[in-house]
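Each protein sequence line maps, in turn, to chains A and B. Quick note on full-length UniProt numbering: the first sequence kicks off at 1 and runs consecutively. Quick note on full-length UniProt numbering: the second sequence kicks off at 1 and runs consecutively.
Calculated directly from the structure, the hints in this document are not laboratory data. It cannot be assumed that every hint is accurate.
No copy is singled out in the list; a pair is fine if it fits within one copy or between any two copies.
Computed cross-link-like contacts, DMTMM-like style, restricted to lysine to aspartate or glutamate with a CA-CA straight-line distance of at most 25 Å [stated by the list, open to error]: (1) LYS114 x ASP79; (2) LYS56 x GLU83; (3) LYS114 x GLU136; (4) LYS114 x GLU80; (5) LYS114 x GLU57.
Note that this is a predicted model, so its numbers are computed, not measured.
There are 2 protein chains.
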Amino acid sequence: MSATDKAQPKPPMRDSLVAAAFRLFLERGYEQTTVDDIVALAGVGRRSFFRYFPSKEDVVFPDHERCLADMTAFLAASDERHEPVRRVCDAARLVLLMYAENPSFSVQRYRLTKQVPGLRAYELSVVWRYERALAEYLRGRLTGRTHGTLHADVIAAAVVAAHNNALRSWLRSDGRGDATATVDHALGFVQSAFGTPPAPAAAPAPASAALSPAAEHPEDVVVVVARRGTPLWRVVREIETRLEPDRNP
Amino acid sequence: MSATDKAQPKPPMRDSLVAAAFRLFLERGYEQTTVDDIVALAGVGRRSFFRYFPSKEDVVFPDHERCLADMTAFLAASDERHEPVRRVCDAARLVLLMYAENPSFSVQRYRLTKQVPGLRAYELSVVWRYERALAEYLRGRLTGRTHGTLHADVIAAAVVAAHNNALRSWLRSDGRGDATATVDHALGFVQSAFGTPPAPAAAPAPASAALSPAAEHPEDVVVVVARRGTPLWRVVREIETRLEPDRNP
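Could you build the full structure based on these sequences and the hints that come with them?
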């Protein structure tokens with residue numbers, strides 16, 4: 001087998017194992033498919049399978065390890081100029097890109113995962129690792145803030161929940177529609193709740209009776225007048241909308 | 001065995017199984033302990049064990065099913081007068097109560113769970129079920145809001161993350177300190193980001209140069225003046241603090 005392995009470049013063999021696995025999962029069901037079935041269909045040996053995938057579950061999520069590594073590298077390449085909440089939102093978008101690379105595969109996997117409790121548990125552990133990567137980065141950036149670890153954990157969880165809400169909505173629509181716009185909107189909600197607005201743009205935001213840049217210092221001051229009963233999330237959204245009209249469709 | 005089972009009231013047998021299991025887990029390790037070992041030490045049969053616990057993992061978390069049922073009942077008993085974000089925070093406090101009922105057991109379990117990957121995965125699935133219970137309630141309450149399901153999922157995730165950050169901090173301190181105060185503070189952060197302030201109190205909030213109730217309509221209007229670069233979470237926290245000084249230590 002090892003001679004055969006060496007004769008083939010690695011990516012095709014890995015891809016053919018994933019393709020064989022999914023063909024069998026869809027035909028027979030996940031539980032009814034063994035690793036022996038998969039390697040027989042792919043025309044390789046068991047050792048080749050386990051070189052790429054520690055277990056049958058891992059072949060269902062072949063790209064998460066790479067994506068986790070990409071996310072960690074992306075966050076490690078940050079510096080002080082990156083607004084931290086925006087940065088973790090951008091890191092979460094790497095997961096969306098992985099799903100959007102191959103919509104039909106992602107939709108098939110989504111349906112499979114919903115049917116198999118073991119895969120659901122596996123997915124939860126993967127999601128947890130993404131969330132910890134975001135939280136660890138935020139903890140580093142928010143160390144100067146009182147209760148920085150609390151804020152880091154809450155923001156990371158909110159980012160993951162927003163991303164996954166949008167991703168699931170796209171997967172439920174069979175991968176139709178604009179996944180990027182859906183995820184952008186969802187992450188915008190988290191940024192409106194927790195993020196710091198970026199440096200002011202050259203042009204002042206449009207004035208309004210409810211919320212207007214003070215005339216004396218158009219770039220520095222925002223005045224909010226709100227009824228006391230106004231929900232805080234509405235106040236925040238209003239501020240965000242007025243400050244950055246382009247970012248809030 | 002069934003005659004013996006009937007002779008004993010159920011709670012003591014269930015408790016003695018948990019006590020025997022934890023004694024063995026701590027002495028020998030979780031993986032090295034079998035269900036047979038547990039029932040031998042507890043002096044009962046295997047059938048009795050599986051009557052109470054579907055698997056060895058479940059004996060590690062003997063109260064989560066009851067707590068999930070309590071949480072679901074608590075949320076089902078809500079009505080329109082309950083501010084939804086505050087309501088899910090109160091629901092999350094039921095989990096804290098379960099842990100705080102028996103601090104030494106909770107601390108032992110925390111250490112065990114950190115050591116055994118299988119238990120960590122089990123715990124993630126339990127946490128996911130709590131989060132879904134909160135999100136389902138919020139989805140029902142926020143149906144009138146645009147993007148209600150997104151907001152529901154994000155708020156539920158933030159509540160769970162805040163609760164668990166505080167709970168873990170208490171468990172790491174070996175169950176010393178005021179768990180309730182720690183969790184209250186953590187949930188207060190989520191409420192400040194997403195919650196609706198309650199109906200105004202009888203006395204107006206104290207005036208301040210930065211943020212003061214308008215003199216003409218002290219109960220109805222709040223004025224915020226902030227530099228444009230101020231992080232939004234700071235604006236929100238400031239509003240919350242001024243409106244409800246008692247709720248923000």
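Worksheet item: Quick one: LYS114 to ASP79, C-alpha cut-off 25 Å, is that within a copy, between copies, both, or neither?
Response: Intra 39 Å, inter 32 Å, cutoff 25 Å: neither.
Discussion item. One pair to classify: LYS56 and GLU83, alpha carbons no more than 25 Å apart. Within, between, both, or neither?
Written reply: Answer is neither: 39 Å inside a copy and 45 Å across each miss the 25 Å cutoff.
Fill in: LYS114 and GLU57: within-copy, between-copy, both or neither at 25 Å Cα
Both ways: LYS114 and GLU57 sit 14 Å apart in one copy and 23 Å across, limit 25 Å.
Item to complete: Give the relationship of LYS114 and GLU136 under a CA distance limit of 25 Å: within one copy only, between copies only, both, or neither.
Response: between (29 Å within a copy, 18 Å between copies)
Worksheet item: Under a CA distance limit of 25 Å, which applies to LYS114 and GLU80: within one copy, between copies, both, or neither?
Response: neither (40 Å within a copy, 33 Å between copies)
In this structure, the earlier hints numbered 1, 2 and 4 are contradicted, and the remaining ones agree with it.
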